[in-house]
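Listed in order, the protein sequences are those of chains S and G.
All residue numbers for the first sequence refer to the working numbering, where the first residue is 24 and numbers rise by one.
All residue numbers for the second sequence refer to the working numbering, where the first residue is 2 and numbers rise by one.
Calculated directly from the structure, the hints in this document are not laboratory data.
Bear in mind that the values here come from a model prediction, so they are computed numbers and not experimental data.
Keep in mind that the hints are not guaranteed to be accurate.
Below, computed lysine to any residue pairings styled on SDA-like, alpha-carbon distance capped at 25 Å [what the hints assert, rightly or not]:
hint, chain 1, residue 1, chain 2, residue 2
1, S, LYS70, G, LEU180
2, S, LYS70, G, TYR135
3, G, LYS4, G, LEU51
4, S, LYS70, G, LEU94
5, G, LYS107, S, PHE74
6, S, LYS70, G, ARG80
7, G, LYS46, S, GLU163
8, S, LYS70, G, VAL108
9, G, LYS46, S, ASP160
10, S, LYS70, G, ARG109
11, G, LYS134, G, LEU180
12, G, LYS46, S, ALA257
13, S, LYS70, G, LEU110
14, G, LYS134, S, TRP72
15, G, LYS46, S, GLU258
16, G, LYS46, S, ALA59
17, S, LYS70, G, ALA73
18, S, LYS70, G, LEU104
19, S, LYS70, G, LYS4
20, G, LYS46, S, PHE251
In silico contact screen, one side only, chain G against chain S (beta carbon under 10 Å); selected entries [unchecked claim]:
hint, residue
21, GLY50
22, LEU51
23, ASP72
24, ARG78
25, VAL83
26, GLN86
27, LEU90
28, ASP92
29, PHE102
30, PRO103
31, LYS107
Listing some non-contacts, in silico: residues in chain S with all C-beta distances to chain G over 12 Å [stated by the list, open to error]:
hint, residue
32, ILE32
33, SER49
34, GLY54
35, MET64
36, PRO68
37, LEU91
38, ALA94
39, SER109
40, GLY112
Ideal placement from N, C-alpha and C gives every residue a C-beta, glycine not left out.
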Amino acid sequence: MSESAVPIILRPFDLLGGWTISIVASLGRFGAFLAAALAAMVTPPLKFWAFLDRINFIGFRSLLIIVLTGAFTGMVLGLQIFLTLSRFGSEAFLGPAVALSLIRELGPVLAALMVTGRAGSALTAELGIMRITEQIDALEVMALSPMRYLVAPSIFAGIIAFPLMTAMFDVIGIFGGYLVGVELLGLSPGTYFGEMQTFVDLADIGLGFWKSVSFGVIVTWVCAYKGFHVGHGAEGVARATTQAVVLSSVLILVWDYFIGSIW
Amino acid sequence: MIKVVGLTKRFGSQPVLRGIDLEIPTGSITVIIGRSGGGKSVFLKHLIGLLQPDAGRVLVDGQEVTRLSGDALDAIRRRYGVVFQGGALFDSLRCADNVAFPLREKVRLPRAEIAKRVESALAQVGLEGVGQKYPAEVSGGMRKRVAIARALVTEPEIVFFDEPTTGLDPVLVNTIHHLILDLHRRHRFTAVMVSHEIPEIFEIADRVAMLHEGRIVEVGPPAQLQASQNRVVQKFIRGEPEGT
Numbered sequence: 024m025s026e027s028a029v030p031i032i033l034r035p036f037d038l039l040g041g042w043t044i045s046i047v048a049s050l051g052r053f054g055a056f057l058a059a060a061l062a063a064m065v066t067p068p069l070k071f072w073a074f075l076d077r078i079n080f081i082g083f084r085s086l087l088i089i090v091l092t093g094a095f096t097g098m099v100l101g102l103q104i105f106l107t108l109s110r111f112g113s114e115a116f117l118g119p120a121v122a123l124s125l126i127r128e129l130g131p132v133l134a135a136l137m138v139t140g141r142a143g144s145a146l147t148a149e150l151g152i153m154r155i156t157e158q159i160d161a162l163e164v165m166a167l168s169p170m171r172y173l174v175a176p177s178i179f180a181g182i183i184a185f186p187l188m189t190a191m192f193d194v195i196g197i198f199g200g201y202l203v204g205v206e207l208l209g210l211s212p213g214t215y216f217g218e219m220q221t222f223v224d225l226a227d228i229g230l231g232f233w234k235s236v237s238f239g240v241i242v243t244w245v246c247a248y249k250g251f252h253v254g255h256g257a258e259g260v261a262r263a264t265t266q267a268v269v270l271s272s273v274l275i276l277v278w279d280y281f282i283g284s285i286w
Numbered sequence: 002m003i004k005v006v007g008l009t010k011r012f013g014s015q016p017v018l019r020g021i022d023l024e025i026p027t028g029s030i031t032v033i034i035g036r037s038g039g040g041k042s043v044f045l046k047h048l049i050g051l052l053q054p055d056a057g058r059v060l061v062d063g064q065e066v067t068r069l070s071g072d073a074l075d076a077i078r079r080r081y082g083v084v085f086q087g088g089a090l091f092d093s094l095r096c097a098d099n100v101a102f103p104l105r106e107k108v109r110l111p112r113a114e115i116a117k118r119v120e121s122a123l124a125q126v127g128l129e130g131v132g133q134k135y136p137a138e139v140s141g142g143m144r145k146r147v148a149i150a151r152a153l154v155t156e157p158e159i160v161f162f163d164e165p166t167t168g169l170d171p172v173l174v175n176t177i178h179h180l181i182l183d184l185h186r187r188h189r190f191t192a193v194m195v196s197h198e199i200p201e202i203f204e205i206a207d208r209v210a211m212l213h214e215g216r217i218v219e220v221g222p223p224a225q226l227q228a229s230q231n232r233v234v235q236k237f238i239r240g241e242p243e244g245t
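With the rest of the complex left out, here is chain G (with noise of 0.2 Å):
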């Protein structure tokens, strides 16, 4: 399970997080929804180790991840596989070389092993045959594909996605929800997921959490948060403009 406790957060005289509690079950799709530029993406640096809190604790499984580094840091590390927003895929490698990354430099497996388990990654996300390419000779969507299986080749617990959908046309949106709803069936890993796509994402999440002005507003299951009377919650979910 993920703990987040007090989790607070400003950027000089900006706050971003306002102290977050929240906790994510083990083997669950917890989503994070919210406004853009509301923090989403700086709460899952946090939960990844890449930002450290003013103040508040992130605990893993009951370890400390805010106050890990190095080595410690690495070892919780190991346990994730993260999905960028852009993808974040290495541009001087082909994708199956980027797929191949994580095994080569982490796992130390045999040649035919890498190349058996990448093939194996593409194939989950319905990439035979674009292994040869380069990221910049790949469509948006496919990018987002290599990207997930680069994040799933070495079989992590836990999984981030950050706004994996974005700037992806309706049917490329539900074709990853449903692909990270597949691979998740057949994985069974923890995942976590920032994103805003409403309605979609209530098909695939166990939890949703709404983020609001560096708070979680409402939390629990897609029905609850659907039938909340919170204002902001509503507002969000219906896309109602501010001030209205």
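Looking at chain S on its own, in the form it has when it is part of the complex (with noise of 0.2 Å):
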């Protein structure tokens, strides 16, 4: 039916069902992109040295930024706990305190971050100009699969990656807390691991681990869909990229509370 032809009245309506259809179909297509991928993932041929090269991009060279951010991180809340547990002669658990804040919380959801503004970016990007460069054309008219060269080694190599990259920012953000609280402002070595090891637990460290693995299968998904659907030319490219790290930024930050509150 032509939008003249719908009742002035009932033109509201007629726009909320577009609306709602097409935000519907929006998300079936997202899902099934992850689908898609999340076959070729599973099925033979698989692409290894593709993911070795993705396990690189998106893990190896974020390395620097997850050791900066994790290092000042650790350090701020080094910092800022001394200062608020010494209010009230509690010092002593500054260790799990910083461990518990990282491990459960901050490592996963800032290393997601980190690597988003980084890797998932580039990741948009790059499928983008494949993209408006014809080259994902050329894979499909070679009879080749595009999911399976270009997608899911990405997506496989964030499920890998985002971890090793949580674990990473979680270690040296544990050890800049030591080197403020300890180093700094005096705290004994003894109690800050001590008292860590007493209320660190296997609990704390499984919810971390599955918050960056899901995290990893988001921001992989959500910037390779964004890379694979990008509109025309530069301006295409970098409104994709802008919406990939948007989007998955957000989703990070849905999901942790989501994954946080039932665990």
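Take the two lone chains, each set in its own frame, and fit them into one complex as the hints suggest.
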């Protein structure tokens, strides 16, 4: 039915219906994209070298930013928590407070946000440029699946690299807290690590691990999808890259709350 | 033979193809001409199976490409070679790896055999010694030739050329056209080319089809189009501006 055929009183419902259909259709495409990528990930032939390349792209090349942000996050936590705890005479709990904040919450979230900014945006831009320069079409007409060659290795690499990046972030952060709490503010090293051992258990590490795995899927899925369905020209790539980073970041925070509240 | 029946496509409210009927004989060079933005590349993408029509059919040796998907479509595509407008070379791979890519991934030959075929394909397009360079390190004309080598290295039965000479100088345009003609004589593939290189294209085409406002307005041997009384065809061939 054309728009003009809808009586004016029903126009808002028509618009709402059209908007709803468009949202549902795009969610469907989004889900189907992940399903196709997961199917390509678990069926042969597996593209091992492409996977290694993506591990390098997403993981190894994000190391510097993870080390820097992890160190300073731990140092800030060490300083602020020490100052807060010292008001109650509870400085001894600095170690577990820093470790639990990092392992349960800040490590997975901040590492994921950092990797999104560095590798997620680059993944969208790379796939977007491949799309507008017809490189993805070239794969398709060679009867080769772009999902298998481009998307599945990225998502698989995200699943492997994000927990590793998070673990790195946590460890560096804990030593950042140590540097401030022990070396600068005079807490004893035994207290810092001893209390940490008492209060941090495997469930906390499990929560951080599963968060980072799910963030790995979310970031690579969103960024690959946006790159794959890019608009026209440089402007289209720029818009897709921005959307990918914003959407990934929002989904990380939403999913973080969701998984944290049910764990 | 490729047979196109009533092919129709619109993007939103904009009709691009309005019922195209065309037959492309096996072993011929058929060139689709027409103004920029007239739907030539969209038409080619339907032949390749990259776009689905709103109505109509594309048949390759009696098999309907427009209804195929998955493995069945891939089986047809294995018979294709495609030279994209910008070359569509993988910029992370060296030129030789670009040419080797379909062999490595589709044909599964021994390494030595692949290297031999790649060397031969690059030599055929006059690019010996360029294989170790990345696409960004070679000129536009060279990139087009690498793309032609990549499209032909699997010895396809049907080769699609989407404006293979766009953006090249007249000397390179002629070089690429004669290269295509020479390769066609050697390999006898069916060539479908989209171009607006007038009159150069008449030297290599067996058949020329003029696409205008989503319809084929004339099709036949080059001489027929050159002598056509159709005003749209004549204006396009003479390069007359709109409204004259």
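- Quick check: which numbered hints come out false for this structure? 1, 19, 36
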